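Undergrad: Build out the structure end to end from the sequences listed, making use of the hints.
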Amino acid sequence: MADRYSFSLTTFSPSGKLVQIEYAFQAVNQGVTSLGIKASNGVVLATEKKSTSDLIDASSLSKISNITPDIGMVYSGMGPDFRVLVDKARKSSHTNYKRIYNEYPPTRILVEDVARTMQEATQSGGVRPYGVSLLVGGHDVDNEFSLYQVDPSGTYFPWKATAIGKGSTSAKTFLEKRWTEDLELEDAIHIALLTLKESVEGEMNGNTVEIGVIGPVSDHLLGFEGVKNVQGPRFRKLSPQEIDDRLDAL
Amino acid sequence: MPGFNFDNYQRNNFLASKGYPIPKATSTGTTIVGCRFDGGVVIAADTRATEGDIVADKNCEKLHRISPTIWCAGAGTAADCEFVTQLMSSTLELHALSTGRKPRVVTCLTLLKQHLFKYQGHVGAYLIVAGVDPTGPRLFSIHAHGSTDVGYYLSLGSGSMAAMAVLETKWKQSLTKDEAMSLCAEAIEAGIWNDLGSGSNVDMCVMEVDKPAVLYRNYRTPNERSIKEKSYKFARGTTAVLKEKIRPVVDAVQFDIFEETIIRDSDKMEIDS
Chain A
1 MADRYSFSLT TFSPSGKLVQ IEYAFQAVNQ GVTSLGIKAS NGVVLATEKK
51 STSDLIDASS LSKISNITPD IGMVYSGMGP DFRVLVDKAR KSSHTNYKRI
101 YNEYPPTRIL VEDVARTMQE ATQSGGVRPY GVSLLVGGHD VDNEFSLYQV
151 DPSGTYFPWK ATAIGKGSTS AKTFLEKRWT EDLELEDAIH IALLTLKESV
201 EGEMNGNTVE IGVIGPVSDH LLGFEGVKNV QGPRFRKLSP QEIDDRLDAL
Chain B
1 MPGFNFDNYQ RNNFLASKGY PIPKATSTGT TIVGCRFDGG VVIAADTRAT
51 EGDIVADKNC EKLHRISPTI WCAGAGTAAD CEFVTQLMSS TLELHALSTG
101 RKPRVVTCLT LLKQHLFKYQ GHVGAYLIVA GVDPTGPRLF SIHAHGSTDV
151 GYYLSLGSGS MAAMAVLETK WKQSLTKDEA MSLCAEAIEA GIWNDLGSGS
201 NVDMCVMEVD KPAVLYRNYR TPNERSIKEK SYKFARGTTA VLKEKIRPVV
251 DAVQFDIFEE TIIRDSDKME IDS
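Chains as they are written, first to last, in the working numbering: chain A, 1 to 250; chain B, 1 to 273.
Since the hints were made in silico from the structure, they are not lab data.
Keep in mind that a hint or two might mislead.
[Said to hold, decoys possible] Taking lysine-lysine pairs in the PhoX-like style, the calculated list, with each CA pair at most 20 Å apart, reads:
no.: 1; chain 1: A; residue 1: K166; chain 2: A; residue 2: K49
no.: 2; chain 1: B; residue 1: K102; chain 2: A; residue 2: K91
no.: 3; chain 1: B; residue 1: K58; chain 2: A; residue 2: K228
Remember, predicted model here, so these are calculated numbers, not experimental data.
TA: As structure tokens, this is what we get:
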């Protein structure tokens, strides 16, 4: 019967910890490094596309996904869990926001929604916490560019620059030294690639690294013309060629 | 529970019998057309919205965007067209994100007809759905009860017969883009002039394969208000002032403002301009 799974699997330990969440963090820390950097005119999300075999078609898998035209998300941890969260975030941005307020949700609202979903998995019957940490980068009119991290516990933090996953500690130290208030988007991409280079084990080229950018509006990506008061998307993935060009310039 | 709630049906009938009928929903009266051409499809509409005999909006937008390259012209109940179109737009966007493919007109058509059939025609949306997708240019029409038609040229709305007369006379296979645009504009104008439910301007949207769709808002404006030949302003002193009393209502307070808006001619009251 359904009663068999109506109790939570995440329970407190005597020391006051929720061990399942701690273990979820472990899953995240074993995952491939991902990082995010907020610049004065944009946000960069970057990650390594680590494949277990050369036979895998790298182009068919996307680790950096867009949720709304102005918000993108990257993860460290369990890929399937990320997929599910992306689908939920996309749907929820329409059903719980756009269909009500007739505009896309601002970054923080979207982040709170995802965080709530992740928290619910720590206090519901028959489910386990999500084994991912997320970096959400976005733009909205009132708050401009912002970068958030969401953890398996459901906590979320705003960041200027951060990294999650395997090499996160050293990457964060690296970023701390290089981040400045007046960084421009191109500088941020440059720093992102440098940071990734430290933790990437294999070859680093346009096909093994994924970069997503939330930057200036791309009206040419809208797909239509002649409508007033509508802007193009800000989220954009760099093509493998664009990444290779920047790697050459390193 | 899904579907409409008919609890107030009895109450409404009673009220109607006592002389309080339901107010007429804003209808789009309307002339809308769609036409295929070599390499794309174009749709057009008039811009008059009516509430019974009254013109509620002289320049409303009847061309709705469902996806960047799928647009829809709506006749029937204005709100129903708008909402059903926005719902489809949202659903199709999520579908496209999920499949990783550009949305298709047939998908939109199927979602729409299944939705409209479910509501048994109570959602009064009569639509011409057109667009380009990876399978090419498409043109369809849907009626409120859920039936759909395919065609190279279509018209809907109260002015559909006026428009169809033009289309039947001048349509031919293998139209160029410009020919199709002027054909559609002419068809809408037939509705604007000859149908009382349609009027004002012509809106148009051209969807071409491998190009961004282009919306031509007010492509033709054959009904612009002309400058009045005489000035009807009343000279000062026309109305004699018998008594003047000024009562202070608000205490003027000094505010720091960032922007100064200068209101010109605020002391002149223009009766007619």
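Undergrad: Does each hint fit the structure? Answer for all of them.
TA: Taking the hints in turn, this is what the structure says about them:
1. The suggested pairing of K166 of chain A with K49 of chain A holds, with an alpha-carbon distance near 14 Å, which does not exceed 20 Å.
2. Using a Cα cut-off of 20 Å, the hinted pair K102 of chain B and K91 of chain A holds, with the two alpha carbons roughly 17 Å apart.
3. A threshold of 20 Å between alpha carbons decides the hint, and for K58 of chain B with K228 of chain A the separation of about 19 Å falls inside it, so the pair holds.
Taken one by one, the earlier hints all hold for this structure without exception.
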